[in-house]
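Asker: As you go down the protein sequences, you meet chains A and B in turn. Each residue of the first sequence is one higher than the one before, starting from 269 at the first, in this note's numbering. Each residue of the second sequence is one higher than the one before, starting from 16 at the first, in this note's numbering.
Certain hints may be false.
Claimed, not checked - Okay, derived cross-link-like pairs now, DSS-like style, lysine-lysine, Cα gap no bigger than 25 Å in a straight line: (1) Lys34(B) with Lys53(B); (2) Lys108(B) with Lys366(A); (3) Lys101(B) with Lys299(A); (4) Lys299(A) with Lys53(B); (5) Lys312(A) with Lys299(A); (6) Lys108(B) with Lys34(B); (7) Lys34(B) with Lys114(B); (8) Lys114(B) with Lys101(B).
Quick caveat, the hints were computed from the structure, so don't treat them as lab data. None of the values given here were measured: they were computed from a predicted structure.
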Amino acid sequence: MTLRAQIATDANTVFLSTDEFAESITYHPYKFQGDTLRADRTIKAVVIREQIAPLSADSNTAAPVYRVAVSNDTTLGINSDELDLGKDALTFPPRDNKTAVRHTITDLLSQDHGMLTLECVGDGD
Amino acid sequence: MGLPVVEEIACVIFSRLTKLADKYDVTTNLAEAVRPVKQGGFTPQDKQIELTEGDEDTPIIYPGNPPKSERVQTFNIQGRAMPSEKDTTPIGKIINSIKADIVRAVCDPAATWHTFGGNAVNANWGPPEIIPPGGEFRGVTMPLLVTYRTDEGNPYVMRA
């Protein structure tokens, strides 16, 4: 097994293990007009819940910011090829033990062969 | 006691924007209108409208018994464009439609839109500010400047 493949495997079995760092969240892929419907699916992710920040440079609205690390994989996570920023969404709790709410995926912060780091903003729904 | 006059105006504006999202026959088919709470209370969406309060000018005091004060409150109406990556519609076209639909909704009814239910004496639009690329979303902020009058010492009492 190559190092590249081994790192991708480790990402899924260690970093994205729900016994270790990860949690189960729901991915809602957007259906663009004419495309085949893609069903919602449960994926594993590491959600880093950051502080409240201004929603945009010229906005006086504040909102929580989340960084979400998922596997770059069509089954275990989200493939970078299928991601539709601004339309796809994730459902997860804004805080531990709170009810899960839907968040639009607003940005792709980083990507490699094994993982994607996504940004979600806002307080859900 | 009811709401301060400026909040009554905000409620009327928000009601018109909500109507735009709910049932207007608009080209942009807006998603929802929101007024943020402390922690936002919503997630950004394509074709979402957000109403927030901007700055208020120094009041002008008119003599009388009781005196009345005239204020100009800026309301910022932000329309967001977050189209699908597969959408080939020019972003400028989407933003132009959102701008037009916001104006159309806020300025209805045409003859008395500027009074916001009898709570204001005048209103006019400021220059739209385009949200530049690079952030989570594109869009436009439409400043709406509303002039209203109240008792000098009681912003709950509307004056003509």
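Asker: Run every hint past the structure and note whether it holds.
Answerer: A quick look at each hint next to the structure:
1. Lys34(B) with Lys53(B): With a Cα-Cα distance of about 24 Å, the restraint between Lys34(B) and Lys53(B) holds, given a limit of 25 Å.
2. Lys108(B) with Lys366(A): Violated - the C-alpha atoms of Lys366(A) and Lys108(B) are around 40 Å apart, more than 25 Å.
3. Lys101(B) with Lys299(A): OK: Lys101(B) and Lys299(A) at ~10 Å, within 25 Å.
4. Lys299(A) with Lys53(B): violated (32 Å)
5. Lys312(A) with Lys299(A): holds (22 Å)
6. Lys108(B) with Lys34(B): holds (22 Å)
7. Lys34(B) with Lys114(B): holds (15 Å)
8. Lys114(B) with Lys101(B): Holds. Lys114(B) to Lys101(B) sits at ~23 Å (cutoff 25 Å).
Checked against the numbered hints above, the structure breaks hints 2 and 4 and satisfies the rest.
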